[in-house]
Amino acid sequence: MAEMTYLEAIRQGLAEEMARDERVYAIGEDIGAYGGAFKVTEGLLERFGAERVIGTPISETAIIGAAIGSAYLGMRPVAELQFIDFVACCFNILTNFAAKSRYRWGAGVPMVVRGPCGGGVSGGPFHSANPEAHFLHTPGLKIVEPSTAYDAKGLIKAAIRDDDPVLFLEHKFLYRRVKDEVPDADYVVPIGQAVVRRPGDDVTVVTFGAMTYTALEAAEQLAQRDVEVEVIDLRTLSPLDHETVLQSVAKTNKVVVLHEAQRTGGIGAEIAAAITERGFEHLDAPPVRLASLDTPVPYNPGLEAAFRPGVEQIVAAVGQLVEY
Amino acid sequence: MAEMTYLEAIRQGLAEEMARDERVYAIGEDIGAYGGAFKVTEGLLERFGAERVIGTPISETAIIGAAIGSAYLGMRPVAELQFIDFVACCFNILTNFAAKSRYRWGAGVPMVVRGPCGGGVSGGPFHSANPEAHFLHTPGLKIVEPSTAYDAKGLIKAAIRDDDPVLFLEHKFLYRRVKDEVPDADYVVPIGQAVVRRPGDDVTVVTFGAMTYTALEAAEQLAQRDVEVEVIDLRTLSPLDHETVLQSVAKTNKVVVLHEAQRTGGIGAEIAAAITERGFEHLDAPPVRLASLDTPVPYNPGLEAAFRPGVEQIVAAVGQLVEY
Amino acid sequence: MPTSTATRPSDDLTRDDRLELYYFARLTRDIEERLAVLYRQNKVVGGLYRSLGQEGESVASAYALAEDDAVAALIRNLGSLIVQGIRPRAVFTQYMAKGTSPTRGRDLNLHFSHIPDAGGPIVVGPISMLGDLVPVMAGVGLGARMRGRALVAMTYIGDGGTSTGAFHEGMNFAAVQKLPLVVIAEDNKYAYSTPVSQQMALARIDQRAEAYGIPHEMVDGNDMLAVYDASRRAVERARHGDGPSLVGVDTMRMRGHAEHDDMRYMSKPLLDAWKARDPIARYHAHLVETEIATETDLAEIDAMSRAYAEAEADLAEAEPPPEPDTVAAGVFAGDHFQPTVEIVYSPFREKRGTPRHAPASEAGS
Amino acid sequence: MPTSTATRPSDDLTRDDRLELYYFARLTRDIEERLAVLYRQNKVVGGLYRSLGQEGESVASAYALAEDDAVAALIRNLGSLIVQGIRPRAVFTQYMAKGTSPTRGRDLNLHFSHIPDAGGPIVVGPISMLGDLVPVMAGVGLGARMRGRALVAMTYIGDGGTSTGAFHEGMNFAAVQKLPLVVIAEDNKYAYSTPVSQQMALARIDQRAEAYGIPHEMVDGNDMLAVYDASRRAVERARHGDGPSLVGVDTMRMRGHAEHDDMRYMSKPLLDAWKARDPIARYHAHLVETEIATETDLAEIDAMSRAYAEAEADLAEAEPPPEPDTVAAGVFAGDHFQPTVEIVYSPFREKRGTPRHAPASEAGS
Ligand SMILES: Cc1ncc(C[n+]2csc(CCOP(=O)(O)OP(=O)(O)O)c2C)c(N)n1
Ligand SMILES: Cc1ncc(C[n+]2csc(CCOP(=O)(O)OP(=O)(O)O)c2C)c(N)n1
Ligand SMILES: [Mg+2]
Ligand SMILES: [Mg+2]
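From first to last, the protein sequence lines stand for chains A, B, C and D.
Numbering of the first sequence is given in our numbering, commencing with residue 1 and proceeding in unit increments.
Numbering of the second sequence is given in our numbering, commencing with residue 1 and proceeding in unit increments.
Numbering of the third sequence is given in our numbering, commencing with residue 1 and proceeding in unit increments.
Numbering of the fourth sequence is given in our numbering, commencing with residue 1 and proceeding in unit increments.
Because the hints were derived from the structure by calculation, they are not lab data.
Errors might be hidden in some of the hints.
In silico contact screen, one side only, chain D against chain B (beta carbon under 8 Å); selected entries [stated by the list, open to error]:
1. Ile115
2. Val124
3. Met129
4. Asp132
5. Met137
6. Leu142
7. Ala150
8. Val196
9. Lys351
In this text, a Cβ means the ideal position worked out from N, Cα and C, and glycines have one as well.
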């Protein structure tokens with residue numbers, strides 16, 4: 001066991017996989033000598049050489065294309081997007097080439113596309129994206145987003161070992177702010193499994209990523225009012241672990257779906273719709289969605305705070321549900 | 001009044017707007033001499049000249065970029081994507097440049113991005129897309145999809161006159177199959193307004209595009225069993241007309257949300273979630289989503305039929321809701 | 001254009017090689033002729049996109065590859081797949097959306113792959129979005145290098161396709177990484193209805209390569225041996241670690257974009273001029289003139305090719321459609337679907353491993 | 001490089017023009033120096049991206065534009081905005097995310113626009129995704145032509161940015177449409193940490209233009225008059241309907257990618273060599289040597305520039321943050337938000353319409 005940051009956990013997981021399996025390699029902009037914009041790949045060039053830590057031109061489509069082609073040849077690429085926002089620049093090749101390959105031809109594309117997502121750091125409209133909803137609607141692509149160092153390492157390993165393309169979202173707010181115990185032994189966190197972060201009987205909050213901490217903080221406050229919130233951290237966003245969510249809702253009968261991306265068309269819609277479909281009889285109140293406003297992500301910290309859901313809104317929403 | 005096809009109605013609407021306002025122009029691949037892959041722009045080159053009917057290289061990002069830049073200079077571009085699937089190739093510039101421009105700077109981008117969407121014609125995985133859910137989550141962008149010739153003309157005009165970017169989805173299955181009366185006088189169909197295509201008291205079916213006809217066919221069959229289905233054609237997909245939907249659900253208390261795109265992360269999730277949020281007290285049963293399977297669109301007609309929701313499934317789903 | 005250098009790679013081609021080249025071009029045309037019949041009979045699901053007039057360049061370029069190299073064909077590069085040994089039946093089943101097609105009826109025409117774990121030709125299928133094959137095939141080259149395989153990756157791009165961002169990014173990446181990639185850029189005068197003059201402000205398509213600092217040359221695309229020579233030079237450079245090349249071929253699409261295209265935008269005089277330059281007829285004449293083959297020899301090949309195409313089409317026609325209940329399987333790993341494509345060899349080689357042209361090291365480069 | 005032709009466009013620059021050029025470059029640097037101070041004081045929200053060592057090329061290229069032309073700056077082209085008259089305060093308010101900034105605190109640094117309905121400079125702001133400004137500015141050129149406005153659109157692209165698909169598509173479209181576009185391609189040796197050798201397999205960045213068949217030249221980017229000359233030639237071509245051009249500038253980014261960058265990957269000898277070629281110092285020396293100005297004249301300009309930058313920064317600092325409850329407004333039309341950017345003129349012109357260089361028709365081209 002060693003305590004390490006979320007960022008270090010990703011780095012370690014990646015390095016361990018590269019050491020374990022020579023087919024695993026890293027590709028992306030500035031990931032070599034510089035170690036990546038956030039230093040996730042720091043030290044990898046020195047350790048594994050330029051053949052396996054490939055710095056690229058500013059060409060997101062070429063990065064994903066190269067990853068796909070090399071995966072056909074048996075490699076297991078881990079492609080970094082400097083900010084996950086730039087996934088918009090390779091949307092086509094990722095959703096149409098990589099994600100549809102197995103279904104069409106049986107040719108799997110084992111590849112990880114990873115990058116920093118999320119707001120709360122004044123990144124503005126192009127460096128704060130939470131793009132999961134754009135990809136949830138893409139059969140053939142998996143999506144994960146860890147919230148702890150433990151999960152970050154376990155999930156990056158699972159993603160690398162997965163035989164299908166995985167979009168690996170790293171919440172940049174957590175990179176250096178979250179630190180927890182990570183086992184020395186090899187382990188994976190299986191893709192597709194949510195986890196209950198805090199048990200509670202009154203209201204379920206379904207969330208993931210950095211919002212997990214916001215939810216836990218709200219739960220703490222609510223506990224002082226004797227409202228017991230169950231906080232579920234989805235960890236995998238596609239495929240969703242409906243089981244864990246439904247079990248909780250069957251117990252609490254009330255649910256808040258919380259995420260950082262904008263509200264309309266967000267992943268919260270899918271989660272809420274699925275809960276209603278499968279758990280209607282359990283619901284004492286409609287699932288409530290808490291999400292960001294339907295605007296681009298504003299830059300100014302005060303604006304961004306007004307844009308994003310916070311502890312206060314969660315407390316209020318849960319409070320209303322309790323009264324419902 | 002003249003009877004014309006859905007396709008002719010779009011062409012006429014576009015031509016009328018070009019005649020009315022010299023700032024309106026068309027841009028896209030093969031839209032000039034050839035009149036576009038589906039002949040929507042046929043005759044426009046002859047009538048308006050190459051300066052206003054601009055055939056481009058195979059460069060979707062350049063098409064949208066050129067449209068944006070010219071819109072800044074006061075033009076009103078109508079950009080054609082040969083198949084709407086290719087919007088994946090300009091996802092970045094459309095969602096990040098066009099859609100965020102007004103919020104960031106107050107610089108509006110009045111532009112229409114139009115193209116044929118939808119399946120049912122054995123187009124396979126890359127010529128059958130219904131991409132609305134990928135864009136629903138993009139504040140700043142409107143989305144419309146007509147189902148009749150009347151609406152097609154009225155909505156293309158409204159889209160062209162709109163001061164914000166509008167994604168105009170034309171269902172290719174309807175292009176030549178749907179024909180209806182279109183007034184000679186100038187008219188628009190306002191963006192943001194759904195319409196009740198068939199009134200009924202028992203179950204609401206919310207849908208749009210080609211699925212409107214599938215729903216109406218199912219409603220016809222169900223009427224013979226004395227089940228009265230209310231069919232709502234959304235027409236505008238963003239912003240959604242929640243009002244019309246809720247009014248209907250308040251009456252029927254049961255709702256099927258039907259669309260052609262894949263189920264998970266589809267627009268049906270947003271519609272169902274919104275209905276539950278706002279109309280929970282009215283619901284006697286959970287909103288049921290009917291959509292395509294979570295796979296790429298298969299090519300073989302038999303496979304595609306198995307992939308898409310059809311009359312049978314609607315009848316069955318409504319039947320179950322009635323029993324609920 | 002360095003085609004005038006003293007030794008030409010094609011000098012090393014044996015008589016059998018030369019006849020095989022002819023056979024492949026003929027077979028390509030015969031398959032498409034048969035497809036056109038099936039299309040008119042409404043047995044083709046969706047559209048038919050012919051390579052009439054361009055069979056020579058697809059065949060001759062791919063002929064420069066070794067057996068275990070990788071090729072990625074666009075819609076008009078059936079010839080390259082035939083050279084690499086894709087069984088014609090597979091192509092027919094694709095067009096007819098059969099359940100036993102390489103995509104099990106899930107995708108159309110030449111949209112299929114064949115990626116054996118080791119040994120045998122690699123075929124990477126396209127997606128419809130033009131340009132993406134360039135970065136993907138650059139990736140195949142990269143993967144091969146990492147796996148220690150000395151293979152060369154070849155792909156094609158139309159004049160229209162060179163305008164896509166994906167083409168640019170892929171070419172540049174291949175250049176920087178010195179990947180073993182050969183791109184055949186086909187100036188066939190149109191992209192759908194768009195003439196080349198509205199596609200690029202260039203007189204020669206191979207000039208696109210200047211932006212990447214990679215070697216390029218332009219050849220008469222209807223001269224099969226010229227295409228072979230230029231492709232072979234590019235393949236050798238790639239194989240020897242000298243990075244990517246682009247070969248521009250000057251040719252003509254002799255039909256509309258697809259069979260349903262009215263062709264009204266096409267220049268009639270241009271079509272007529274190119275009709276006289278048909279690549280197969282020219283190569284036929286060359287073989288006879290140089291006394292490599294007699295008219296009778298070639299007529300025999302013609303007959304064999306036609307009979308084969310017809311027999312394969314008939315086999316394909318008899319295949320069943322896919323079972324509708326297979327529709328949901330195979331989106332993710334763990335499902336049972338693992339298609340295979342049968343690899344066949346021409347009567348001029350008959351079995352795997354028979355060299356189809358002089359080995360790389362001896363070829364003039 | 002055609003910079004050796006007999007007449008140079010810069011020959012027509014008046015003494016005031018030449019001093020103004022100096023002033024703009026100085027002011028650009030002074031604004032950034034001030035921003036660096038604010039950054040260290042934690043008053044800049046987010047990162048700071050300097051153009052140290054590149055101020056000369058941004059200023060001199062934009063100086064080739066007419067007052068009502070359109071420019072789109074990247075993060076390192078503050079100089080071009082200063083030339084076109086953007087008030088420095090606007091820039092400071094942007095960096096400090098003030099409520100009165102041109103984006104009302106919604107977007108960062110140079111990400112803002114100024115698009116007057118008619119008359120006055122047009123500024124189009126970037127998005128972060130590199131490359132997109134090229135097609136967008138091609139579109140500005142297209143729109144201008146359609147509206148009957150003879151304006152020229154200028155934008156910038158880094159060595160890294162030229163690798164994007166958007167750059168390619170935009171350049172090609174502009175070439176085919178012969179649009180009045182001038183692209184300044186800046187080889188400043190790095191893209192973030194990536195050296196140019198890992199970005200492209202080219203010795204000269206301007207060779208990218210070969211793929212589009214458009215005129216290009218390469219200039220010493222730290223020689224302000226050389227940059228002006230080349231840009232001016234390109235602007236004249238565009239204005240006269242001869243289509244787009246690309247001007248490659250050979251320069252050096254003298255800081256890390258951003259202020260927080262440790263620069264450890266940067267070559268120290270390279271930095272030292274370029275330090276001696278500082279564009280402002282060189283231009284300063286040139287003005288003195290050619291007796292256009294005395295040290296005293298220039299010291300006066302220096303002082304004026306510094307004082308102005310500081311005063312503007314102070315004004316900006318005093319501005320309020322945005323009201324949080326404004327956050328949701330202005331996504332669609334019909335909302336009240338209509339930002340304006342104040343356009344100012346240098347002491348060398350003082351008012352709109354004063355020619356800042358010889359009119360287009362007289363300039364040597
Ligand atoms: C990115 C993209 N945009 C548009 C299309 C639609 N499309 C299919 S083929 C074609 C023309 C292709 O022309 P070219 O590349 O010259 O190849 P050719 O058909 O001449 O062989 C077009 C525009 C596409 N497939 N991909
Ligand atoms: C499409 C895209 N990918 C990645 C980035 C992240 N990024 C921002 S600046 C930069 C380096 C830019 O280098 P260059 O174009 O040479 O400009 P310079 O910073 O040298 O002026 C990168 C990679 C981006 N902005 N856009
Ligand atoms: Mg072509
Ligand atoms: Mg640079």
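Evaluation of the provided hints:
1. Ile115: Because about 5 Å separates isoleucine 115 of chain D from the closest Cβ in chain B, which is inside the 8 Å limit, the hint holds.
2. Val124: Cβ of valine 124 of chain D sits 6 Å from chain B, so the hint holds.
3. Met129: Since chain B brings a Cβ to about 6 Å from methionine 129 of chain D, closer than 8 Å, the hint holds.
4. Asp132: holds (5 Å)
5. Met137: holds (6 Å)
6. Leu142: Holds, because the Cβ-Cβ distance from leucine 142 of chain D to chain B comes to roughly 5 Å (cut-off 8 Å).
7. Ala150: Given a least distance of 12 Å, the restraint on alanine 150 of chain D is violated.
8. Val196: With Cβ-Cβ at 24 Å, over 8 Å, it is violated.
9. Lys351: Nearest chain B Cβ about 25 Å off; hint violated.
Hint check: violations occur at hints 7, 8 and 9; the rest are consistent with the structure.
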